[in-house]
Amino acid sequence: MKRRNYLKTLLMGTIAPCISPSVLANSTFKPWPYSKGLSFNSNWHNWPNMKWTGPEYWGNRLQDWLIKDGKVICDVTDKNRSLHLLPIQKPEKMVGFITSIVIDVLNRELKNIDEGCLGVQFGVRGPIEDYRSAAVFGKGTHIGLTPNGNLKIGHQIFETTLDSIPDHFGLVVEAVPNHNSYAVAVSVTNPQNDLLLYKKEGVELSNTQLTGNFALLSDFKLKKNQNKKIEPSAAFSNWHIASQDLTLEENNFFGPVCFAQYTLNKGKLKLTAQMAPLEEIQGLSVHFQVKNDENKWTTLKSKAIEPEGRSVQFSFVNFEKEQDVPYRIVADIPLLNKTETYHYEGTISTEPHSKDEIRTAVFSCNFHYGFPDADIPKNVSKLNPDIILFLGDQFYEATGGFGAMFQGDYDKMCLDYLRKWYMFGWSYRDLFRHRPCAIIPDDHDVYHGNIWGEEGEQADTSRGFGASAQDSGGYKMPAKWVNMVQRTQTGHLPDAFDPSPVKQGIGVYYTHWNYAGISFGILEDRKFKSAPKNVLPESAEVNNGWIMSDDFDIKEYRHIEADLLGDRQHTFLDEWALDWSNNAQMKVVLSQTNFATLATLPEGAKTGAVIPSLPIPKRGEYIKGDRPTVDMDSNGWPALGRDLAVKTIRKAFAFHIAGDQHLASFIQYGLGEHGDSGYAFAGPALNNIWPRRFWPDVDSSEHTYDNPAYLGEHLDGFGNKMTVFAVANPQNTGKEPKILHNRAVGYGLVTFNKRQRTIKTECWPRFIDPTIPNSQYPGWPIIITQEDNYPRKAVAWLPKIQWKGNYKPVLKVFDNKGQLVYAIRPETSNYSPKVFNEGTYMIEVAIPDLDFEKKYFNLKASEKQTKTIRINLLKEIKKKPLQK
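If you use mature numbering (1 follows the signal peptide of the UniProt record, and there is no 0), the sequence shown corresponds to residues -25 to -1, 1 to 859, in order.
Bear in mind the hints are in silico, worked out from the structure with no lab data behind them.
Only true hints are included.
Pairs of lysine-lysine, BS3-like flavour, derived with a Cα cap of 25 Å:
1) K387 with K43
2) K713 with K593
3) K278 with K241
4) K854 with K775
5) K783 with K842
6) K175 with K114
Computed from a predicted structure; not experimentally measured.
Take the sequences, apply the hints, and build the full model.
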């Protein structure tokens, strides 16, 4: 955005022109004190009608504030609605100011409400010292009129000469420093004839009561028996702030281009620009620009805003560049007086093909406890990741307060989502402003506590939107709303493997992302999953995915027919395991949650509802009396589907990265026996609303924080084998706020070394400088090799494959039925393939990017293999560029 030009618009004009001469004549300010300094003027009268109030404001809620006919409308009559001015805050130092606003009452029923205030708010501060925290969660000093026409200043109510709140009134607040406090005068005027209706002077307020954000306020507490029909409360116009010492922070704006995220896959760039609600502005286009060879911005494509999610999707083929490419998203907005140009800048990083180490930052589970989460971008930037991953629960239904809007006006439901999504971007956009980023939604992103998607079924919400709806299977929210969520969060991912929608027309996004030699298989592990209540016997007494019956043993139903990933995603995984194109060196599965149930609960607890209230142990303490959970929201269930998923991904020697668990862990899967399958890292929650724990019933006599007793081989509550190498359990740190410091929050980093074929996993708490040695959670860092992801013991061996030529071929081993046993691209120039049964096999040696493949049939496996197959790749490629 051309902030300086827009700042001039906000600061131009005469000082406080709406303040009537009668007010000035009776003012304690004689003469007008602020001929110099800041003079802020609202600009709504120049904006077209839209469901947004401009880049200098934040509305609570987003759907409750709009511009109509040059005024800002609070579109609901309810409690605690506020519109915060972002670029101006009163600092701690003593600063005098004067502000005025014109208010029109729109709801004639306001006068019948017993309690409320219509006016302005000062000294708004949030739980974290940041203007964004104040804008979303802040509390401050209310100054305005009550429904019966009295004046409210903080906790004080002053009777006026007014019979009730006027239909139209001006409010002028003057704050003059007086030693360590302020002398405050409040005037109520008639804006139609400039007459002074009432004035209260000499009210003393403390510096604390005025330090913080400025905001407009519409706060009405309706009784249960009062009409709760949604109706606009008031219109606000001509907001002015003048001060000799206040300043305007030119970076404290949000929108109209809020943030953007992108991926680059096999030369195809896909980028989503998240816009503010500007879709009603006629003729508005959004432009994608890059700098040309002459260092000038040039437009590559222009598109309209998608009206539901307010996003714009850009895609370009053959976007392979040898250097970083600066880009910007540009919106030229036609105001009534001129066209304003806004832009958001970032970088399309050159794909680091030749870089040995690819560093991937891992995030998930983001509630609002730490908002705006400034520590995360600051500390993660020190690790210089190449890739950013957000693996679900980018927010929760309660993010930002006010709960979630499950029904009602459809567009307001979209805006309700966008407010939470905007908060996510406001916190983390600088992480992915200059780096490629994969984002996948989880259950809370679509307003579910738990979700079993049932291939897109519609959930039964006849009994509400709680557990019964979730247990019915499918999606509670309208299908077009779900698609809107997926477009905003996943529209920038590589094209879906099979884009055919599921039931209700809900889209899919599972896909293959190949970047810098790392091949990511991105899954949707909720969408196709069966709902437990629909497949288990009634005797299980399923409630929200938990078994309530004490007599039901879920392990006896290990082989029940139920979907986890579904046939379509297994088809994808089968093909993904074979696809090593674009010089893929190593493979990684990304999903919302891992394929195990790594959690325990106190004996007797039937559901996880107790989790937030469980005591947090001191460092080094071991919790006794827990048992493994049988939470079917986890991917330990259905067990047969879990086994099939683990069996498939190990064929590609794939590592698994997931989120969701609210409990950082590093485990190894087991199928036939412990330790015969790959490894999985579940990253910690960014803000932990559900602090799960792992305290299995083991001998804890020698347990310490650094050498925990829970490490080793375990069975989860569904009987799945897993070996635990590290867990970040909640610990009482003694730091405040406890909700951030005691719940094992943080982030992960996975480093893939393509030359050494190692995978290094690291895991840090929040608020810790990650460059400090030994600052990670206990057990980390952990290093494994690529081949550790299929460590199953060999029964026999096939002939060694030895090759010459400056190539790294892919070796694919197939059994005598043509089924893939595994595929790998070794780093060395020879490889001895292991197999797990005797018999005959076929080996394919392939260089996918040269369309070369050579097959060796009827190879006999031997326990003591002595044969070697030698291949000169340079000669073979020249001789047979493609052999089938």
